[in-house]
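Residue numbers (my numbering), protein chains in the order written: chain E, 358 to 583; chain G, 358 to 583.
Worth double-checking, as some hints may not be accurate.
Stated by the list, open to error - Covered, in the sense of this in silico footprint (three residues per stretch, anywhere, with C-beta under 8 angstroms from a C-beta of chain E), are these stretches of chain G: (1) 401 to 413; (2) 443 to 450; (3) 462 to 472; (4) 483 to 497.
Said to hold, decoys possible - Residues of chain G clear of chain E, computed beta-carbon distances all greater than 10 angstroms: (5) T359; (6) R396; (7) A420; (8) E510; (9) P519; (10) H522; (11) A526; (12) E527; (13) G536; (14) D538; (15) C555.
Quick caveat, the hints were computed from the structure, so don't treat them as lab data. Where a beta carbon is used, it is the ideal one built from N, C-alpha and C, also for glycine.
Number of protein chains: 2
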Amino acid sequence: MTDHAIVLLSGGLDSATTLALARDQGYECFALSFAYGQRHDAELAAAGRVATQMGVREHRTVALDLAAFGGSALTDPAIAVPTAPSTGIPVTYVPARNTIFLAYALAWAEVLPARDLFIGVNAIDYSGYPDCRPAFIEAFERLANLGTRAGVEGDGFCIHAPLIHWSKAEIIRCGLALGVDYGLTVSCYQADDTGAACGRCDACRLRAAGFIEAGVPDPTRYAPDA
Amino acid sequence: MTDHAIVLLSGGLDSATTLALARDQGYECFALSFAYGQRHDAELAAAGRVATQMGVREHRTVALDLAAFGGSALTDPAIAVPTAPSTGIPVTYVPARNTIFLAYALAWAEVLPARDLFIGVNAIDYSGYPDCRPAFIEAFERLANLGTRAGVEGDGFCIHAPLIHWSKAEIIRCGLALGVDYGLTVSCYQADDTGAACGRCDACRLRAAGFIEAGVPDPTRYAPDA
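Kindly produce the complete structure, drawing on both the sequences and the hints.
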């Protein structure tokens, strides 16, 4: 029997690569996306395209209203997305986002059942979010195995973050080798409704630099004024 | 300035007592409830009554669809609520529920800001849920301080579980001393629309035994056929 895996799928470059890696490792993949009040909901359409291309067994999108709490440029229209590099944790950080996402993935995994959860966080070419670091992933795995029936009575959960120590260029090279079509993905924090990228935000800058470093053509579709 | 605290408020006996304790410790309290697809949504009405009686600064109810994942007698109508004691973790366990609840509380706390989160879990007179144990609470606090801006840059979060080592009778005596009106609360897993209790489920049995042991009148309103 093929093992099941839940893969968090934002529709961006990293999560698409993570899904390709999970599939390549032989897992039957269940993709989980979130409509969390983000500005860049074009990424949800991208997540659907990627899930289809990768042949996932099921793709669910959970609606949750993080915009009600605000506190981030990604969920609060009153906070502008920065277009220049910043120091420290940037205003695009969404409070407790990955904790909430992984908590939902854990609930689905326990019922499905799946014991392997994949998340495409990266702590190298990244925006400096605290919930993208190895210590956070390890702490969540520990929590998952203390707080669930499956963790207490069964084999327990493994949280896979296969990209965490990779550069953006390494991620891109790996994904291309596994058949990822990056033209389907959207990384931009403020993509327009068609998924065209701004070319100026942190996510756009990291992505563009990754394609250059990887030495491969960048399939990103930019907005006319980008 | 008064410190803010977020208190998870289900509308049951334990969370009402926890709110009273947080208020008694001088916190300005913000109550957080969840409409998670539970059978016993009469408890949400109870949460509203308790929040008002306790004079919280704000009471929010977040809708989240745990019933979409199922896997519990509390969220899946096809799984009956047991009316006799069971061994092990019972079918009323909701996968990853407290992980999800605390994750939302953390998001709100970070934005508010509040650094103190209160949850009325109890590991003595309880149903045996893994996410009610001290090790789970400690693991969540660790996660919270690794995965947030406030944890990394600021003073960090404290997860308070003041009832965790108390008997139900001790909880009731403490709550009465702090002015809790247990007639407002609903503990039953399958209360009817008016909040009347079944008298037979695990939650009803634990609650009734607590009032007897505490030696005080039980204000619970039972359904006619209870």
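Here's how the hints hold up against the structure:
A stretch counts as covered by a chain when three or more of its residues have a beta carbon under 8 angstroms from one of that chain; for the stretch 401 to 413 of chain G and chain E the count is 0, and the coverage is violated. Residues of the stretch 443 to 450 of chain G with a Cβ under 8 angstroms from some Cβ of chain E number 3, which satisfies the need for three, so the listed coverage holds. Look at the stretch 462 to 472 of chain G against chain E: 5 of its residues bring a Cβ nearer than 8 angstroms to a Cβ of that chain, three or more, so the hint holds. Only residues whose C-beta sits within less than 8 angstroms of a C-beta in chain E count toward coverage, and the stretch 483 to 497 of chain G has 7 of them, enough to reach three; the restraint holds.
For G/T359, the condition that its CB be more than 10 angstroms from all CB atoms of chain E holds, with the nearest at approximately 21 angstroms. With a minimum CB-CB distance of about 17 angstroms to chain E, G/R396 clears the 10 angstroms threshold, and the non-interface call stands. With a least CB separation of 8 angstroms from chain E, G/A420 falls inside the 10 angstroms interface cut-off, contrary to its annotation. Distance to chain E contradicts G/E510 as a non-interface residue, since its nearest Cβ pair spans about 7 angstroms, not more than 10 angstroms.
No Cβ of chain E approaches the Cβ of G/P519 within 10 angstroms, the least distance being about 19 angstroms, so the stated non-interface status holds. The Cβ of G/H522 lies farther than 10 angstroms from every Cβ of chain E, with a closest approach of about 17 angstroms, so its non-interface assignment holds. Non-interface status of G/A526 relative to chain E is upheld: no Cβ of that chain comes within 10 angstroms, the nearest being about 27 angstroms off. For G/E527, the condition that its CB be more than 10 angstroms from all CB atoms of chain E holds, with the nearest at approximately 24 angstroms.
Against chain E, the non-interface label of G/G536 holds: every CB pair exceeds 10 angstroms, the least being about 30 angstroms. Taking the minimum C-beta to C-beta distance to chain E, about 29 angstroms, the non-interface status of G/D538 holds against the 10 angstroms cut. Every CB of chain E is more than 10 angstroms from the CB of G/C555 (nearest about 24 angstroms), matching its label as outside the interface.
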